[in-house]
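J.: Protein chains in written order, with the numbering used here: chain V, 568 to 765; chain C, 2 to 465.
Rather than coming from a laboratory, the hints here were simulated on the basis of the structure.
Every clue listed holds true.
In silico BS3-like pairs for lysine-lysine, Cα to Cα no more than 27 Å straight-line:
{"no.": "1", "chain 1": "V", "residue 1": "Lys694", "chain 2": "V", "residue 2": "Lys720"}
{"no.": "2", "chain 1": "C", "residue 1": "Lys42", "chain 2": "V", "residue 2": "Lys720"}
{"no.": "3", "chain 1": "C", "residue 1": "Lys8", "chain 2": "C", "residue 2": "Lys241"}
{"no.": "4", "chain 1": "V", "residue 1": "Lys754", "chain 2": "C", "residue 2": "Lys241"}
{"no.": "5", "chain 1": "V", "residue 1": "Lys754", "chain 2": "C", "residue 2": "Lys8"}
{"no.": "6", "chain 1": "C", "residue 1": "Lys416", "chain 2": "C", "residue 2": "Lys311"}
{"no.": "7", "chain 1": "V", "residue 1": "Lys575", "chain 2": "V", "residue 2": "Lys694"}
{"no.": "8", "chain 1": "V", "residue 1": "Lys575", "chain 2": "V", "residue 2": "Lys720"}
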Amino acid sequence: MAGWTRHKGQAVALPIDNIDTDQLIPARFMSTPRSEGYGRFLLHDQDAARAALDAAPGASILIAGRNFGSGSSREAAVYALADAGFRAVIAPSFGDIFAGNAVNNGLCPARVEDIAPLLRALETGDKAEIDLEAQIVTLGDTAVPFDIAPVWKTKLINGWDDIDMTRAYDTQIAAFAAARPHWTQPKTEPRAGSGADT
Amino acid sequence: MSTLLDKLWDRHEVLRREDGTSLLWVDRHLVHEGSHHAFAKLAERGLPVARPDLTFGVADHYAPTRRGVAQDPRIADMIDRLSANCARHGVPLFGLEDRRQGIVHVIGPEQGLTLPGLLINCGDSHTSTHGAFGALAFGIGATEVAHVLATQTVWQTRPRAMRITVDGTLGPAVTAKDIALNWIAQLGADGARGHAVEYAGSAVRSLSMEGRMTLCNLSIEGGARFGMVAPDAVTFDYVKGRPYAPDGAEWDRALADWAALASDPDAVFDREVHFDAGQIAPTVTWGTSPEQALPIGATIPDPARLPEGKAEAARAALDYMGLTPGRPLEGTPVDQVFLGSCTNARIEDLRAAAAVLAGRQARVPGMVSPGSMLVKRQAEDEGLDRIFTAAGLEWVASGCSMCVGMNGDLVAPGKRCASSTNRNFRGRQGQGARTHLMSPAMVAAAAVTGTLTDVRPLLQGRAA
Numbered sequence: 568m569a570g571w572t573r574h575k576g577q578a579v580a581l582p583i584d585n586i587d588t589d590q591l592i593p594a595r596f597m598s599t600p601r602s603e604g605y606g607r608f609l610l611h612d613q614d615a616a617r618a619a620l621d622a623a624p625g626a627s628i629l630i631a632g633r634n635f636g637s638g639s640s641r642e643a644a645v646y647a648l649a650d651a652g653f654r655a656v657i658a659p660s661f662g663d664i665f666a667g668n669a670v671n672n673g674l675c676p677a678r679v680e681d682i683a684p685l686l687r688a689l690e691t692g693d694k695a696e697i698d699l700e701a702q703i704v705t706l707g708d709t710a711v712p713f714d715i716a717p718v719w720k721t722k723l724i725n726g727w728d729d730i731d732m733t734r735a736y737d738t739q740i741a742a743f744a745a746a747r748p749h750w751t752q753p754k755t756e757p758r759a760g761s762g763a764d765t
Numbered sequence: 002m003s004t005l006l007d008k009l010w011d012r013h014e015v016l017r018r019e020d021g022t023s024l025l026w027v028d029r030h031l032v033h034e035g036s037h038h039a040f041a042k043l044a045e046r047g048l049p050v051a052r053p054d055l056t057f058g059v060a061d062h063y064a065p066t067r068r069g070v071a072q073d074p075r076i077a078d079m080i081d082r083l084s085a086n087c088a089r090h091g092v093p094l095f096g097l098e099d100r101r102q103g104i105v106h107v108i109g110p111e112q113g114l115t116l117p118g119l120l121i122n123c124g125d126s127h128t129s130t131h132g133a134f135g136a137l138a139f140g141i142g143a144t145e146v147a148h149v150l151a152t153q154t155v156w157q158t159r160p161r162a163m164r165i166t167v168d169g170t171l172g173p174a175v176t177a178k179d180i181a182l183n184w185i186a187q188l189g190a191d192g193a194r195g196h197a198v199e200y201a202g203s204a205v206r207s208l209s210m211e212g213r214m215t216l217c218n219l220s221i222e223g224g225a226r227f228g229m230v231a232p233d234a235v236t237f238d239y240v241k242g243r244p245y246a247p248d249g250a251e252w253d254r255a256l257a258d259w260a261a262l263a264s265d266p267d268a269v270f271d272r273e274v275h276f277d278a279g280q281i282a283p284t285v286t287w288g289t290s291p292e293q294a295l296p297i298g299a300t301i302p303d304p305a306r307l308p309e310g311k312a313e314a315a316r317a318a319l320d321y322m323g324l325t326p327g328r329p330l331e332g333t334p335v336d337q338v339f340l341g342s343c344t345n346a347r348i349e350d351l352r353a354a355a356a357v358l359a360g361r362q363a364r365v366p367g368m369v370s371p372g373s374m375l376v377k378r379q380a381e382d383e384g385l386d387r388i389f390t391a392a393g394l395e396w397v398a399s400g401c402s403m404c405v406g407m408n409g410d411l412v413a414p415g416k417r418c419a420s421s422t423n424r425n426f427r428g429r430q431g432q433g434a435r436t437h438l439m440s441p442a443m444v445a446a447a448a449v450t451g452t453l454t455d456v457r458p459l460l461q462g463r464a465a
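Here chain V stands alone, though its shape is the one from the complex:
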């Protein structure tokens, strides 16, 4: 995954609370291999939201309401946004799992408590810029600071790959694994019997 520090693009707003991951991508599309692209599934069944997105083709910065991406852990919700060209979502809050998934795919979850100034600015123009280093989103003449966990910011900027990074700690992991209490291992020959609730 390539890192980035600045992104210039077009903004679009869906100022609705609780846009959950079931809305972002309906479950029926999730058996599709990623290589086929997920962009066309984004908000597929949400006609009003879809129309707003279609009116801003090429938009790459989404301004949304509270608790964006709540619900399921389906990373496909992030794939749909990323494959539709989005690089950042600006919202007052995000689902915890969604936000982590977003960062793992180079999509910036930028927290802005009050999106009203951005929505006002969007009435006069949609040219926007995200400065990840400075944590500022600019829309026309309006510049608003945003919050992001420092860890996530660093990860987005560096485009870190977790698996490669973790493998540098192989020795420590092996030592930790060897020290786990034996009872934590599942029995290799599980007892026969019902195992059913009683």
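Assemble chain C onto chain V, guided by the hints.
T.: Coordinates of chain C only, in the frame set by chain V:
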């Protein structure tokens, strides 16, 4: 002065980076059909599964509930892909032919794979269910699933600690589901965002393991990735003798380790919230977010009377749900019922629904999908299946089924479903489907009357 969260975290922390992120050891990794993205990432790199002995495959999200009936090939393919990935990497699989198959969050505990003090990951947000045992259990995305497969570890920043204390006694037919819907309605669907929730208090202690699992399961609907209950005698009784659980001297060692798994009396939480169990009524959702829930005796809210910020969401939700403000919730006609899911399809849930349905007819069609095939068999041994089928409901095999609709069990557009599941999101049970969340007993009551109904009068003179 540590919280349960701190203790569990410290027991699994391999290392902590300077930026505060921890690398955590994963004791159990449960993978379902949705893991195909993660296995594909592994294949791209040519990496093996680091610890197939700690990884378990489960067919549930796409599992057909009418076994033997020809499946949509795209759905069947998802199960085949899981089987192939598990076989390739030597990962044990609870597949469709396995008598122990079922929903991952039901069979983990049922098989004794879920134990107090473990760290449990699964690519599913309802992994918080396993926290009911005093485990550190949380849902992860596909990139993280690939990471756990490759390294048996996960990077995570310690969440803030929150305690929800529910004291007092629950009224008749008031359940863990109602505790959960109630706190989410009070605090919001993001009320616990960024926090790990520990549930405490006499009402929580009084819950069975099934109830505690329901409570922890729904943590994510209030924004918390983690839910947990400190283990106690109820927990140990449930775990003891389970197929994969430790036994003999190992059991004694485990018990000794588990004894410390409680928040210290002087532990400080970042946030504390208290509820009175006696004030909680059977609760039903009316909107498209779990926070849009009310006691069954309430009226459907009027957006004009709601605070700004909630009004617009309520208006949109009522429009989607086809409901009229100001009308009583009770008496709203439903088209069908669904009893199932990782939230409420354990034996106790089926018993509660059967207690309402016994000797009665359902006025609307419905489906009952047990949480596992072993729960199904146990229910059949107890005669519960005959109560459901005599009432006119369909008794089917186990899987995620109509909670998420991936296997083709869908609610048709515009249809209203009384459901024991976890999400009333738009389109969750099918495009245009209207979902009302409630406890299994309340689902049974809705079946009996064909409307949203307070179950309590239906239980008068019956053993609940």
